[in-house]
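**Q** Chain by chain, the residues run as shown.
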Amino acid sequence: MARSDAVWSEQGTTPDAIEAALRDLLIQRHAENDKYVPARVLNMIAFVDREWSGEIANRLRAVGRYTPSRLLVLAYEPRRERLDARVTIVSEGDPAPGEFGLLRETVIVELGHRHLDDLLTIADPLVVTDLPTLLWSPHGHHDIVEMLLALSQAVLVDSIDEPVWRDAIDRACKLTKQAYLVDLAWLRSTPWRERVAASFHPPLRRPELRAIERLTIRHHPDSTVSAMLFAGWLASRLGWTPSPLVPRGEALLGKAHASRQDVTLQLEAAPALQVRGLEGLTLRTASGRELSLDRGPGGLQASSRDARGAERRWRIPGASRGEGGILGEGIRQALLRDPTYVPALDAAQAMLP
Amino acid sequence: MAVAVGRPTPQPEAENPLTEGLERIPVAPTTLVIFGATGDLARRKLLPALYNLAHDGALPERFHLVGVARKEKAHEDYRKECEEAIRRFSRRPPDPDVLKILLENVKYVPGTFEDDSVYSELSKLLDGFEEKAGEPVNRAFYLATDPSFFGVIVEALGRSGLARHERSEVRVIIEKPFGTTLEEARELNRRVLAIFDETQVFRIDHYLGKETVQNMMAFRFANGMFEPLWNRNYIDYVQITAAEDIGIGSRAGYYDGSGALRDLIQNHMLQLLCHVAMEPPVSFTAEEVRNEKVKVLEAIPEPTPQEIPKIADRGQYTRGHAGGEDVPGYLEEEGVPEGSITETYAALRLEVDNWRWAGVPFYLRTGKRLARKLTEIVVTLKPVPHLAFSQAGSLGVQPNQLVLTIQPNEGVSLSLVAKIPGTRMAIRPVIMEFLYGTAFLSQSPEAYERLITDAMRGDATLFTRNDEIEAQWRICDPIVKFWASTKDGLADYEAGSQGPKEAELLLHEGHHWRAI
Numbered sequence: 001m002a003r004s005d006a007v008w009s010e011q012g013t014t015p016d017a018i019e020a021a022l023r024d025l026l027i028q029r030h031a032e033n034d035k036y037v038p039a040r041v042l043n044m045i046a047f048v049d050r051e052w053s054g055e056i057a058n059r060l061r062a063v064g065r066y067t068p069s070r071l072l073v074l075a076y077e078p079r080r081e082r083l084d085a086r087v088t089i090v091s092e093g094d095p096a097p098g099e100f101g102l103l104r105e106t107v108i109v110e111l112g113h114r115h116l117d118d119l120l121t122i123a124d125p126l127v128v129t130d131l132p133t134l135l136w137s138p139h140g141h142h143d144i145v146e147m148l149l150a151l152s153q154a155v156l157v158d159s160i161d162e163p164v165w166r167d168a169i170d171r172a173c174k175l176t177k178q179a180y181l182v183d184l185a186w187l188r189s190t191p192w193r194e195r196v197a198a199s200f201h202p203p204l205r206r207p208e209l210r211a212i213e214r215l216t217i218r219h220h221p222d223s224t225v226s227a228m229l230f231a232g233w234l235a236s237r238l239g240w241t242p243s244p245l246v247p248r249g250e251a252l253l254g255k256a257h258a259s260r261q262d263v264t265l266q267l268e269a270a271p272a273l274q275v276r277g278l279e280g281l282t283l284r285t286a287s288g289r290e291l292s293l294d295r296g297p298g299g300l301q302a303s304s305r306d307a308r309g310a311e312r313r314w315r316i317p318g319a320s321r322g323e324g325g326i327l328g329e330g331i332r333q334a335l336l337r338d339p340t341y342v343p344a345l346d347a348a349q350a351m352l353p
Numbered sequence: 001m002a003v004a005v006g007r008p009t010p011q012p013e014a015e016n017p018l019t020e021g022l023e024r025i026p027v028a029p030t031t032l033v034i035f036g037a038t039g040d041l042a043r044r045k046l047l048p049a050l051y052n053l054a055h056d057g058a059l060p061e062r063f064h065l066v067g068v069a070r071k072e073k074a075h076e077d078y079r080k081e082c083e084e085a086i087r088r089f090s091r092r093p094p095d096p097d098v099l100k101i102l103l104e105n106v107k108y109v110p111g112t113f114e115d116d117s118v119y120s121e122l123s124k125l126l127d128g129f130e131e132k133a134g135e136p137v138n139r140a141f142y143l144a145t146d147p148s149f150f151g152v153i154v155e156a157l158g159r160s161g162l163a164r165h166e167r168s169e170v171r172v173i174i175e176k177p178f179g180t181t182l183e184e185a186r187e188l189n190r191r192v193l194a195i196f197d198e199t200q201v202f203r204i205d206h207y208l209g210k211e212t213v214q215n216m217m218a219f220r221f222a223n224g225m226f227e228p229l230w231n232r233n234y235i236d237y238v239q240i241t242a243a244e245d246i247g248i249g250s251r252a253g254y255y256d257g258s259g260a261l262r263d264l265i266q267n268h269m270l271q272l273l274c275h276v277a278m279e280p281p282v283s284f285t286a287e288e289v290r291n292e293k294v295k296v297l298e299a300i301p302e303p304t305p306q307e308i309p310k311i312a313d314r315g316q317y318t319r320g321h322a323g324g325e326d327v328p329g330y331l332e333e334e335g336v337p338e339g340s341i342t343e344t345y346a347a348l349r350l351e352v353d354n355w356r357w358a359g360v361p362f363y364l365r366t367g368k369r370l371a372r373k374l375t376e377i378v379v380t381l382k383p384v385p386h387l388a389f390s391q392a393g394s395l396g397v398q399p400n401q402l403v404l405t406i407q408p409n410e411g412v413s414l415s416l417v418a419k420i421p422g423t424r425m426a427i428r429p430v431i432m433e434f435l436y437g438t439a440f441l442s443q444s445p446e447a448y449e450r451l452i453t454d455a456m457r458g459d460a461t462l463f464t465r466n467d468e469i470e471a472q473w474r475i476c477d478p479i480v481k482f483w484a485s486t487k488d489g490l491a492d493y494e495a496g497s498q499g500p501k502e503a504e505l506l507l508h509e510g511h512h513w514r515a516i
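For the protein sequence lines, the chains are H and V, in the order given. All residue numbers for the first sequence refer to our numbering, where the first residue is 1 and numbers rise by one. All residue numbers for the second sequence refer to our numbering, where the first residue is 1 and numbers rise by one.
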């Protein structure tokens, strides 16, 4: 289907003029074809360094159908004096007979250091009132995030991107007190959480959850936070009291106190893993049963060993979402609420060395 | 009348604390056996649905698929057929690695459905899967065959001891049509429930798997503004339309024995009516929701032969134009018997005789080769008692209508009356419209993906219960029989039109069919 764009741009503009241009473009598109309707799902504000804005645009293009209905990109260039803007209203081709055509709006505002004090008044008129707003600042700028929190109901972060992973967990804990936080590091662990939940879901297996005595997580060297969050999730769901982990070589080791026994925790970096996130995990119960899940082509490789040493191996299908898919999932999650993230994060914070 | 029969309530199991917050509730290890594994339904719907569940990581941790059909073929040949069907009909291009994992757990058992050796072969396979898994694996038997085999297969499953299994759940999923008359439905229920408990039986009505139909409950029971108006005091009439612009295509063999009433009204459209008319359930559990739907069906009087000509209308499409092309009439379609009196259009006026709805007509209509494809529910409110200002210069002041569109553009619209800009107090109807597609990022899953998962999980909310299906037939059966007995009242309508003009006669004074 051919893409059809309506574009407006102006140099040395104002938020009022941008907002008026948005309204005019929508009226124009509707006049061209009354089957064009604007999507009204989610505002997303992305505060980005202008020199990297192309890379961010590429990442957002890869999210597929989970595109925000209005995207406001604040492209920052410290020495810029003038406010320039470009508005694009996109529809994925002409509506078929009997169908409607969805319009999505992108507003790119280029601004400089001198505009930062007034940033709230620049962004505010450009988000759709009454829609939830997701804030994303992929290049750091924590002070800007603080400033724009007043406009946002959710904040998107990727704790893996923080230079120091310990700081990432502390910062996430702080942000969760101010807004709903969507952490891509947490979403990278979703398929693993689903599979572990499923493994212990049959009624005969559920009692074994209380008998877990060892958890080993293998992760990409950059994805310690994902591994911490996964361990924090199990700890918070199963009522473990974790203690700080201790670094030993490429691994983090520690204990969590469970009602029946202590649980040994081991988080190991897997340098060979090509993609960010988890590579695999192994759970062992007091009865001697061991369950391992490992990333493989087209899904997970599962293996189990029972108390008598009998081994079984099988494969569980599931396509990799890729980095684009994970970012898209982060955008979608801004409209949902996961009650298990904050307890997992708190438990991960308790495990910080 | 059949009643819901259940096994003794099982002792509550300890909750799985890991499922909290997960969007997908885990499904226990399952083997799905498809009877009619090489048929159209399996190829077009079931196999692509299974692939998409695999792609999303939504299949059980251990999953096996066994196809059963008449033709002799090797496992590997059946896997190739599955692959081809998935490549052709999946809603997304398959990932080769995911497809490979899915297909490595596929087996095939050839044989006729009456043949006991098929079931012993099946039994060996299922036991083998469990042995390999080292734990109980649930069993789900999906009957996607010609309906004449439903009873045969169920009884063979019973004879071979496959209807129960120690430590694991056994379920049977039965496609529509569930009988073609009330007697057949009762007889099939009797045969099925002689082998399985009602809690093991999942009767498919794929409309219930559509996100839009489920949305209706959210719309009615999660928005305080509608429920106070949702009764005979404010609602004048309700109209439910399921129109198709296509003809019968290559389905003459099935369609001519069925007709519009049995094809759509007896199941899907009565389900829609139930969703409009039901009381709020105490909870959204399978039993509570289905109890409320059965109450609605039981409040609809069974039509008598004297009433039928006044409350039911039928038609058959003739040559006409559709999509800018000349199209043949029903009797000219390939495979349709000469002189067939099968209706391709059916319209009914039903009453729901209860406190909430007494006196409110529910008009249902469905047909092939109508002006366009559309499924909608229109709730027309009573007119205001008095217009305080002159209507001079006003355009078509109409009572408010709430339109719930199921397809193609899922959404809700409300017609309101507004002042036309200018110096005079002239008014005209305007539309306040909400389109689901504009307000959600996610796409609705295919109905079969949802239904297969629910059946494997044992959640029967979106499936039809035995008493529900018999209550549906109790309403439609007298009409089916009456229409079969006479050609009188079978009106012609031109392909591409709004349907037969005679359908207007069903409407009470002041009521109108909404343009399709």
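Don't read these hints as lab results, they were simulated from the structure. On a predicted model such as this, the values are computed, not experimentally measured, just so you know. Built from N, CA and C at the ideal position, the CB exists for glycine as well. Mixed in with the good hints, there may be bad ones.
[Unchecked claim] The calculated DSSO-like cross-link candidates involving lysine-lysine, where the alpha carbons are at most 30 angstroms apart (straight line), are:
id, chain 1, residue 1, chain 2, residue 2
1, V, Lys310, V, Lys419
2, V, Lys132, V, Lys176
3, H, Lys35, V, Lys373
4, V, Lys176, V, Lys487
5, H, Lys35, V, Lys481
6, V, Lys176, V, Lys419
[Unchecked claim] Sample of chain H residues facing chain V (criterion: CB under 8 angstroms; computed from the structure):
id, residue
7, Arg193
8, Phe200
9, Arg206
10, Arg237
11, Thr241
12, Arg313
13, Pro317
14, Gly318
15, Ala319
16, Gly322
17, Asp338
18, Thr340
19, Val342
**Q** Hint by hint, which ones does the structure fall short of?
**A** 1, 2, 5, 6, 11, 12, 16, 19
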